[in-house]
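From first to last, the protein sequence lines are chains A and B. Under the numbering used here, the first sequence has 269 at position 269, and the numbering climbs by one with no breaks. Converting from the second sequence to the numbering used here requires adding 340 to each position, the first position being numbered 1.
Treat the hints as calculated values from the structure; they're not laboratory data. The reader is advised that the hints may include incorrect statements.
Unchecked claim - Pairs of lysine-lysine residues, derived as BS3-like cross-links and limited to a Cα-Cα distance of at most 27 Å, are as follows:
| id | chain 1 | residue 1 | chain 2 | residue 2 |
| --- | --- | --- | --- | --- |
| 1 | A | K33 | B | K530 |
| 2 | B | K530 | B | K470 |
| 3 | B | K470 | A | K33 |
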Amino acid sequence: MAGQPGTRQAGPDRVLDVRGLRTSFFTEAGVVKAVDGVDLWVNRGEILGVVGESGCGKSMMARSILRLIPPPGRIVAGEILLEGQDILALSESQLRRIRGDAVGMVFQEPMTSLNPVYTVGNQVSEVLLAHRAGIRRRERADRVVELFRLVGIPSPEQRVTNYPHHLSGGMRQRLMIAMALACGDPRLLIADEPTTALDVTIQAQILELFQRLQADIHMSVMLITHDLGVIAETANRVAVMYAGSIVEYANIDRLFENPSHPYTRGLLRSLPQRGRDARKGLLYTIPGIVPNLLDLRPGCKFVDRCPYAAEEICLGSEPTLECVEPDHWVRCRRVADIRE
Amino acid sequence: MSNPAGALESQRKTMSSAPQIRRKRRTRLADLRRMFRNRLFRLGMMILVPIFCAAVFAPMLTSYDPVQLDTSSKLSAMSWKHPFGTDEYGRDLFARVIYGSRISLRVSALSCVLTAVFGVLLGALAGYYKPCDGLISRVMDGLMNFPGIILGIMVIAALGQSEANVILSMTIMYTPRIVRVVRASVLEVKTFDFVDAARVVGISELRILTSHILPHIIAPLTVQITFGFAWGVLVESGLSFLGLGTPPPAPSWGNIISDGREFIRTAPWLMVFPGLMISAAVMGLNLIGDGLRDILDPRLRNTARRIGTALG
Numbered sequence: 001m002a003g004q005p006g007t008r009q010a011g012p013d014r015v016l017d018v019r020g021l022r023t024s025f026f027t028e029a030g031v032v033k034a035v036d037g038v039d040l041w042v043n044r045g046e047i048l049g050v051v052g053e054s055g056c057g058k059s060m061m062a063r064s065i066l067r068l069i070p071p072p073g074r075i076v077a078g079e080i081l082l083e084g085q086d087i088l089a090l091s092e093s094q095l096r097r098i099r100g101d102a103v104g105m106v107f108q109e110p111m112t113s114l115n116p117v118y119t120v121g122n123q124v125s126e127v128l129l130a131h132r133a134g135i136r137r138r139e140r141a142d143r144v145v146e147l148f149r150l151v152g153i154p155s156p157e158q159r160v161t162n163y164p165h166h167l168s169g170g171m172r173q174r175l176m177i178a179m180a181l182a183c184g185d186p187r188l189l190i191a192d193e194p195t196t197a198l199d200v201t202i203q204a205q206i207l208e209l210f211q212r213l214q215a216d217i218h219m220s221v222m223l224i225t226h227d228l229g230v231i232a233e234t235a236n237r238v239a240v241m242y243a244g245s246i247v248e249y250a251n252i253d254r255l256f257e258n259p260s261h262p263y264t265r266g267l268l269r270s271l272p273q274r275g276r277d278a279r280k281g282l283l284y285t286i287p288g289i290v291p292n293l294l295d296l297r298p299g300c301k302f303v304d305r306c307p308y309a310a311e312e313i314c315l316g317s318e319p320t321l322e323c324v325e326p327d328h329w330v331r332c333r334r335v336a337d338i339r340e
Numbered sequence: 341m342s343n344p345a346g347a348l349e350s351q352r353k354t355m356s357s358a359p360q361i362r363r364k365r366r367t368r369l370a371d372l373r374r375m376f377r378n379r380l381f382r383l384g385m386m387i388l389v390p391i392f393c394a395a396v397f398a399p400m401l402t403s404y405d406p407v408q409l410d411t412s413s414k415l416s417a418m419s420w421k422h423p424f425g426t427d428e429y430g431r432d433l434f435a436r437v438i439y440g441s442r443i444s445l446r447v448s449a450l451s452c453v454l455t456a457v458f459g460v461l462l463g464a465l466a467g468y469y470k471p472c473d474g475l476i477s478r479v480m481d482g483l484m485n486f487p488g489i490i491l492g493i494m495v496i497a498a499l500g501q502s503e504a505n506v507i508l509s510m511t512i513m514y515t516p517r518i519v520r521v522v523r524a525s526v527l528e529v530k531t532f533d534f535v536d537a538a539r540v541v542g543i544s545e546l547r548i549l550t551s552h553i554l555p556h557i558i559a560p561l562t563v564q565i566t567f568g569f570a571w572g573v574l575v576e577s578g579l580s581f582l583g584l585g586t587p588p589p590a591p592s593w594g595n596i597i598s599d600g601r602e603f604i605r606t607a608p609w610l611m612v613f614p615g616l617m618i619s620a621a622v623m624g625l626n627l628i629g630d631g632l633r634d635i636l637d638p639r640l641r642n643t644a645r646r647i648g649t650a651l652g
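Extracted from the complex, chain B is given alone in its bound form (with noise of 0.2 Å):
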């Protein structure tokens, strides 16, 4: 290069203050600073930290056996000894819904950690290798029609009833939507220009897909699961309330509110509690989900805070 030697130093010179750029690269938890400054993912965080450290701490937040009978305290109404009330077989409620959390939680994230597995596996298929989309596409699209429970149902009818076919069942029904999320995001990556660059010094198809692709679908995926765990919330405990998930006596939001609903008038405790549970629950996790799609989509992300500032 013709550089006059002058420019060329001034140039070196602003190049080796570069290190200590790179120094201050964000850490792992400068970037988990930085996502607690989004409004959304700290309310949704607040709500749901909560939560699940009751589902973990169970045993020590409360003395009570979720499934001991005491038949000298029925369906008494809340109080210092049973915060939440007992149901019709003197059950402390409050251990049970804390309990119930545990399988709640348990059976959603189960079911998205599978449906993850599964959704882009057949999303990064269906939207690369364009002889597989059709194929992967319509099955999906057909399961896709069916309405949720129709489809929980038919397939505990025909499995049985166990917290291992809730899953699957969980599974059958949500792996269509990521499958759509992950092929949609392949396919609008694939066309960028870095993979037809990748393609021209001869990296493999599977390389490209895998380590140029695939990278770039994580925010959306990140963001679809956080609200298939949700929608798992309430999908688990819908079943449960019909009698399809979790086998009594073990204690899920659903069967407790299932079990509750007899008693309305005389004891709506039995009802409200674990719903409360389930409403903060999806709450939580939905505004956790938007709270991720604003930090993640920059473009959505100007747009999102201009609305929250404009409602105050």
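Only chain A is shown next, with the shape it has when bound in the complex (with noise of 0.2 Å):
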């Protein structure tokens, strides 16, 4: 076996190198693992898809990378290294400087993303503000419109003094997207749905703009989504999150290919598709939901959903991800006999 990805030495090539990340939550009802041992890397100038149901911690996996946890949330172990720097270890002010130059993060609300009160060149503007001191208001100015038209903004000399409301959604996911450039170097943006409130055609628009940055500028991506069919069209590997861990880590080919893990199946196997079963009106779903994660009990946390279950294997520890072939990792047991 070629290990866990997480126990991989980091080549030159890794952008970010998640290993072992635990974040949990300290309810009084008990504490939450949002996240549960993730280990996964983006190699330079790639797109990893993450995707998964909601709830099974994608996007606290996504908001740990920049430490933005809001309380009572904490992330309780592993280590997040970005070209080899470890975030966790990063005080406030260091962390500052890596937030919106180095890493930029793209939520999935633009409507409400924006602050109503400014104007969107304005908005822009600070960022570069706040990591450029000195800038001067001209280049300043300049930066702006030209970062309007990186990321595709018409006649951006215009929408600069626009206030958020006068765009529409597609628009302001472009100029999320152009905050998260602004400093002209970004290595890696995180993108939470980018585009699960956008309708399908701007969706479409935005997930080519990312590939056109992929390519132009050998940024990376992190796209979380949970929307298979975004994954399948731009993502170069894919990683599977159920219940706070990666089920299944792999190539995006071999994952449509071949997917291994019950849950990935279980996923693939609900998109809607023409023929014998969408004649019927039936569309699969995977029985069951997602587990309680304030009580789960040892063992594979897919358990209760899974068609190939079985007690005496899947119960009692957690399974470990395991390489089944060259670029592909799942964490189950019975991969062999699922695989067959």
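Fit the two chains together into the complex; they arrive one by one in their own frames, and the hints show the way.
Below, the structure is given as structure tokens:
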């Protein structure tokens, strides 16, 4: 076995290397392990898709990378290496220098992610002001227009003096991306469901923009979504998350050709398809619901919903992420039986 | 983008009309005009502006000195010579009332300014920095549980009777309310997405608080301060009535009423006119406050208008 992803040596081509990340919420009802031992990395210039259903911890994983966990949440273990530098060891001011400069983040809701009391040009230039002390006003204005052009906002000279409510959702999402790119040398863009709130044509444009930026400025993207269609179109590699852990981690082609974790298979089967089932009006669903993260029993977290579950194999301790073929890891003890 | 050329062209055309839209952006004057469309605000202003003008231009409105005694015309009733009559020392009541409005309004206004400063400072700290919240909120709750007048009596008993101490005690009384409003608004605004979005691009916490959160609390703060002003007029009168406010012989609405209460049967005007002024000022300010709330909070505005039309 080639071992777990986290135990490998960091190559020079890795922009982000997350190892054994655990983020928990210390609520009055108990400890919620929102992120429970995530290992993953993002190579330079690639798009990593992270997919999973609501509440599986993908957003919290992404926020952990920039240490944006709201209380009572806390990162309890793990390492987050950004180009070899451990983010968890940084001071607040060092961290601030990374946010918006080396790493940008785009949220799901472009409608509420911009401050309604400032013009959009102001908001983008505020980022420049925060990171490039002493930059001239004129220079800043030019850079903002240049950024607007880069993310495909038409007639940027006019748009800079608009307020957020003048712009559509798609334009605002472009603006959020412009803010993330403002400083000129973004290594990684974390996009947390960037297209969920947009309609399908705009979604395609935004995804196209990600791909263009990836190609043009060699930026890596971590694209978080619950939409396998988006992943299939855009990503180079995929991490499938379930209940706070990664259950399958593979190259995009391997994942779609040979999905090996029962959960991934369930997800793929749940996509609406033309054909026999559609005519019957049936859509496959994975039975059951996400387990309550407050009281997990030891063993595989998917066991209650898994068609392949076998008590004596799957319970007891959590399975580890095993390599089943090059560039393909699966967290399942019955993977050999499933893949046959 | 793979837009067909035609679509792109038409898009450009619609965009090029944008500068005109911008030129139409509201000016201050238009803002004011919009505010005057609100019936409550307009009525409040109609009551308050004359009172303010009277206070400012007092020396031009009357030739009498408010503290000048005139034993020849004690307790004379309303007449052309003394429109509001005179008190037991023959002082002209009209002069006393309009000079009194200077003191009453000045004291409330100054305490409002101080209240706003401390209220925003403490409220923002409590709302934004969790560790400060417990201490600040508990102290404010404690202050709020004191009946206002008792607190005022306490402060003035301890520090002595003077205008500055009246302002101080009113500030102590009203600050907790502002703190509550500011804290609640900050707590709400800090969960908005744009705060996270600002944090994620590396904006410092202090800057997030001052330039991303505080602008959003101006509306509730303005409304609360206006109500505070009205309340201040009332409390100042109350303290002066009890003999704790403005020291005589300087006139203030409260101590004029207080002086006049012995003569309620023989010279009722001594209590009626300053009383009317207090009511008018408080009502005017409250109407302005209500109007501002409707203007500044669009969610409430529509309901208010609907109620307004339903009432006729």
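- Which numbered hints fail: When the structure is compared with the hints, none of them turns out to be violated.
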